[in-house]
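Asker: Residue numbers (the numbering used here), protein chains in the order written: chain A, 1 to 188; chain B, 1 to 145.
It cannot be assumed that every hint is accurate.
[Stated by the list, open to error] If the Cβ cut is set under 10 Å, some of the chain B residues that face chain A in the computed set are:
hint : residue
1    : M1
2    : V93
3    : E94
[Unchecked claim] Computed cross-link-like contacts, BS3-like style, restricted to lysine-lysine with a CA-CA straight-line distance of at most 27 Å:
hint : chain 1 : residue 1 : chain 2 : residue 2
4    : A       : K56       : A       : K157
5    : A       : K112      : A       : K157
6    : A       : K35       : A       : K91
7    : A       : K157      : B       : K6
8    : A       : K91       : A       : K124
9    : A       : K56       : A       : K112
10   : A       : K157      : A       : K35
11   : B       : K31       : A       : K56
12   : A       : K35       : B       : K56
Keep in mind the hints are simulated off the structure, nothing from the lab.
Where is the CB? At the ideal position from N, CA and C, for every residue including glycine.
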Amino acid sequence: MRITKILMMLLLASVTAALAASPVQSAQQRYLHVKVNNPRTHELVRVNLPLTLAEKVIPAINHGQLQNGKVQVAGLAANQANLKMILEALKSAPEGEFVTVQEPDSNVRVAKEHGQMIVHVIDKGKEKVDVTIPWEVAQALASETNEDELNVEAAVKALESAGDVTLVTVTSQDENVRVWIDSRSSGE
Amino acid sequence: MIFLAKLGMGLAGTVLVGGAALCSEGFIQVKVHEKQPGGTNVALIVPAAIAPIALKFVPSGHLAEASANMRPYLPLLDAAIPALEESPDGVLVEVIDPEEHVVIAKAGGSIVVDVNDRDDIVHVAVPLRAAQSSLHEIADSGGPI
């Protein structure tokens, strides 16, 4: 009996030590998924990228417009009103539609809905684009930047705490693209 | 006799430790199956620890172009590979078209590439740590960075 008790205590101690030594993942892994399919050529591309991987890789990319986690966008600051100011104004504005442009060959709608910035673009006869950006991500894009930069690194970090959301949907005759965030490793 | 037994045990121990060291970084697996009748089947399993060492014996001229192409991307690879090691296993990229099916996945500390096209089925698995050492070896073959 005494030996059994000692063995049980040793087993319990070793299991406890093993659990304490192993890395604890308190937060579920978040994934950035991209799916591109071409109904004409029957091509399908799926990408499932852990956000933690993207966070570590993006600052290391120094190529073209993307340098040190920030992307240069020429002409981003227009008429001396920078992106940060625009986002601050939009954040405090009530929900609703801000911009609607209807032209013979395209419709554009920019709105604020459920704490997210929504952009709908319909290029009649060609493609339809929907972009949904959580506010925290939009603000992160404009954080710690010059006027013509977007902080992609900070935006990716902000995506970690955003809920499951479809960020981009593009539908056209040639291809359909969907970009979304969730906690599943395999996407759809 | 006792001396011989001790010698044998020492040798066996050395072989075991050497084998363990050689296998400590996992194995590089390469399998190629050619689909046409009479096609070649290749199955190769090599301790990954050998790869960086083997690259040292490759004449630097043969690796010059690869070295030059790789150097600008070394910081990116040095950031990506450890991050990939820490990431959970799963499919990273999948490409399906009428001609081929390509899957790039992370499984058990290795990066695994599976290609199935009209002519071949190819499976390559490379432990990430060995991949990083080998890529550095290739980059260094072009001279000091």
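Asker: Taking the hints in turn, state whether each one holds.
Answerer: These are the hints, each one checked on the structure:
1. M1: violated (40 Å)
2. V93: With a closest approach of 5 Å, the V93 (chain B) hint holds.
3. E94: Status holds, d = 4 Å.
4. A:K56 <-> A:K157: holds (10 Å)
5. A:K112 <-> A:K157: holds (22 Å)
6. A:K35 <-> A:K91: Violated, at roughly 30 Å.
7. A:K157 <-> B:K6: violated (59 Å)
8. A:K91 <-> A:K124: violated (30 Å)
9. A:K56 <-> A:K112: Given that 27 Å is the threshold and the Cα spacing comes to 31 Å, the pair is violated.
10. A:K157 <-> A:K35: holds (21 Å)
11. B:K31 <-> A:K56: Answer violated: K31 (chain B) to K56 (chain A) is near 32 Å, above 27 Å.
12. A:K35 <-> B:K56: violated (41 Å)
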